[in-house]
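Given next are the chains, with one letter for each unit.
There are 2 protein chains.
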Amino acid sequence: MGVIRNILNSRSGKGGNFFSVLHKILGFRPKNLLHYEKAFTHRSLNMKDKKGNAINFERMEFLGDAILSAVIASHLFKAVPGGNEGYLTKMRSKVVSRKHLNELGKDLKLIDHVQTNIPKNQFGSNIHGNLFEALIGAIYLDRGYKYCKRFIYERVIDPYVDIEQLEGRVISYKSLFIEWCQKEKREFDFEVYEDTGNDDVKHFAVKLRLDDKVVAKARATSKKKAEEKTAKRAYYALQNKIT
Amino acid sequence: MGVIRNILNSRSGKGGNFFSVLHKILGFRPKNLLHYEKAFTHRSLNMKDKKGNAINFERMEFLGDAILSAVIASHLFKAVPGGNEGYLTKMRSKVVSRKHLNELGKDLKLIDHVQTNIPKNQFGSNIHGNLFEALIGAIYLDRGYKYCKRFIYERVIDPYVDIEQLEGRVISYKSLFIEWCQKEKREFDFEVYEDTGNDDVKHFAVKLRLDDKVVAKARATSKKKAEEKTAKRAYYALQNKIT
Chain A
404 MGVIRNILNS
414 RSGKGGNFFS
424 VLHKILGFRP
434 KNLLHYEKAF
444 THRSLNMKDK
454 KGNAINFERM
464 EFLGDAILSA
474 VIASHLFKAV
484 PGGNEGYLTK
494 MRSKVVSRKH
504 LNELGKDLKL
514 IDHVQTNIPK
524 NQFGSNIHGN
534 LFEALIGAIY
544 LDRGYKYCKR
554 FIYERVIDPY
564 VDIEQLEGRV
574 ISYKSLFIEW
584 CQKEKREFDF
594 EVYEDTGNDD
604 VKHFAVKLRL
614 DDKVVAKARA
624 TSKKKAEEKT
634 AKRAYYALQN
644 KIT
Chain B
404 MGVIRNILNS
414 RSGKGGNFFS
424 VLHKILGFRP
434 KNLLHYEKAF
444 THRSLNMKDK
454 KGNAINFERM
464 EFLGDAILSA
474 VIASHLFKAV
484 PGGNEGYLTK
494 MRSKVVSRKH
504 LNELGKDLKL
514 IDHVQTNIPK
524 NQFGSNIHGN
534 LFEALIGAIY
544 LDRGYKYCKR
554 FIYERVIDPY
564 VDIEQLEGRV
574 ISYKSLFIEW
584 CQKEKREFDF
594 EVYEDTGNDD
604 VKHFAVKLRL
614 DDKVVAKARA
624 TSKKKAEEKT
634 AKRAYYALQN
644 KIT
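From first to last, the protein sequence lines are chains A and B.
Going by the working numbering, the first sequence opens with residue 404, and the numbers climb by one from there.
Going by the working numbering, the second sequence opens with residue 404, and the numbers climb by one from there.
These are calculated hints, taken from the structure and not from any lab test.
Since we're looking at a predicted model, the values are computed, not measured.
Ideal placement from N, C-alpha and C gives every residue a C-beta, glycine not left out.
Misleading hints may appear alongside valid ones.
Covered by chain B, per the in silico footprint, the following chain A stretches (three or more residues, Cβ under 8 Å) [unchecked claim]:
id : stretch
1  : 481-487
2  : 500-507
Mimicking DSS-like on lysine-lysine, the simulated pairs with C-alpha atoms at most 30 Å apart in a straight line are [claimed, not checked]:
id : chain 1 : residue 1 : chain 2 : residue 2
3  : B       : K481      : A       : K509
4  : A       : K453      : B       : K493
5  : A       : K481      : B       : K512
6  : A       : K552      : B       : K605
7  : A       : K605      : A       : K586
8  : A       : K497      : B       : K481
9  : A       : K493      : B       : K453
Sequences are here, hints too, so could you generate the full structure?
The structure is reproduced here in structure tokens:
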């Protein structure tokens, strides 16, 4: 693994080294960086270990995919006590869809840290989701199932897994909120501003005012997501007040 | 869950109660029996909780299947460092095949403990594998991922997951061993006897003699499996001596 150690230095973008980049992405301190290096190594580098085994993120994807599926299965099982096997399977496939995983990988800008011999713009769009899965595989090897669970809750479940939205019952909390305001003749304002702070990834924050009073705040990696998250919080907060 | 508690008493077969039956199957002490009760409840009982959610093992199967897949993925990832994504996927599907899961469930006689309103002989053969998956789901809810991993290693991986056999390179260690004896003009004898001991499930033991000297012993839930396990041990022991 000497070779892979050497490329570590070339991974110092944005003034931080690979460790601090990872630390920000993961939300905890990685222990064994070698796992993460593999998770960011593209097959085009044609790297092999001493025994001639290929080193790249494709095997890690397999592992990460399995762990992600297990954590999402366990979450859905607990979150929807009335859902039968078929329902749970369907909901899970929505959460771990290629499209969704690509979005998650893109949000974390994982592609910025890939070591490759082919230009990054030649990758297909699935590179983002593949790297996201590989990253989960690396977390599993480095810190075990518990840390994967924590990472998946923070990066996937808490911000994006909404049962009502998955079921198609609520397409957008923002529209739902606006409709409610129009019906009730209330004034609202979504104030959006950039709020990246110490994060490696750009973030936006939203303050939602109802009749000039802030009723919800949220932060996410895109304006649209931050608005949606805020509207959802406001929607549930108001529901609880009304009922 | 009052109803489900009541059926606990009816689960006292073979002089033990449900707890001790489970303890033997699991190899550790279960904490919350309710999870296991659900894992052994067939839909024909038409049980529901206070909120009207169905109580039966079908949801548990979904959860157990996901956890089993993750543990097997992680095992194969580590056991075959040269296997690429496609290879690992293929090997996993062999381990978690319906046929294999049915055998595992059958070995543990899980069907003996099912609560059902339809006669057990009317179940299809997949009931065994379904119960096995549901049991893993119950372990996950009761004791977490670590205990699932332990259970899967003890009941699936250690006794039955053999990479060479999965790859089709070795169909039977017994035939391999016999061929070797014939070629080397050595005498052998597989002595098979019942050895259930304190186990809930019937077990067989095998002593394998080579020129009157015991070279390997093993124990399993069928004669065939015990012979195969013994021959495999002898095969590897002899290989290490020769090379």
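Verification of the hints:
For the stretch 481-487 of chain A, the stated coverage by chain B is satisfied: 4 residues place a CB nearer than 8 Å to a CB of that chain, which reaches the threshold of 3. Coverage of a stretch by a chain is defined here by at least three residues with a beta carbon nearer than 8 Å to that chain's beta carbons; for the stretch 500-507 of chain A and chain B the count is 0, and the condition is violated. Distance restraint check for K481/B and K509/A: the Cα-Cα separation of roughly 28 Å lies within the 30 Å cut-off, and the hinted pair is therefore satisfied. Between K453/A and K493/B the alpha-carbon distance is near 25 Å, which keeps this suggested pair within the 30 Å criterion.
Under the criterion of a C-alpha separation no larger than 30 Å, the hint pairing K481/A with K512/B is consistent with the structure, at around 28 Å. Distance hint between K552/A and K605/B is unfulfilled; the C-alpha atoms sit about 38 Å from each other, more than 30 Å. Among the hinted pairs, K605/A with K586/A is inconsistent with the structure: their alpha-carbon atoms are about 35 Å apart, more than 30 Å. About 29 Å separates the Cα atoms of K497/A and K481/B, which keeps this hinted pair within 30 Å; it holds.
About 25 Å separates the Cα atoms of K493/A and K453/B, which keeps this hinted pair within 30 Å; it holds.
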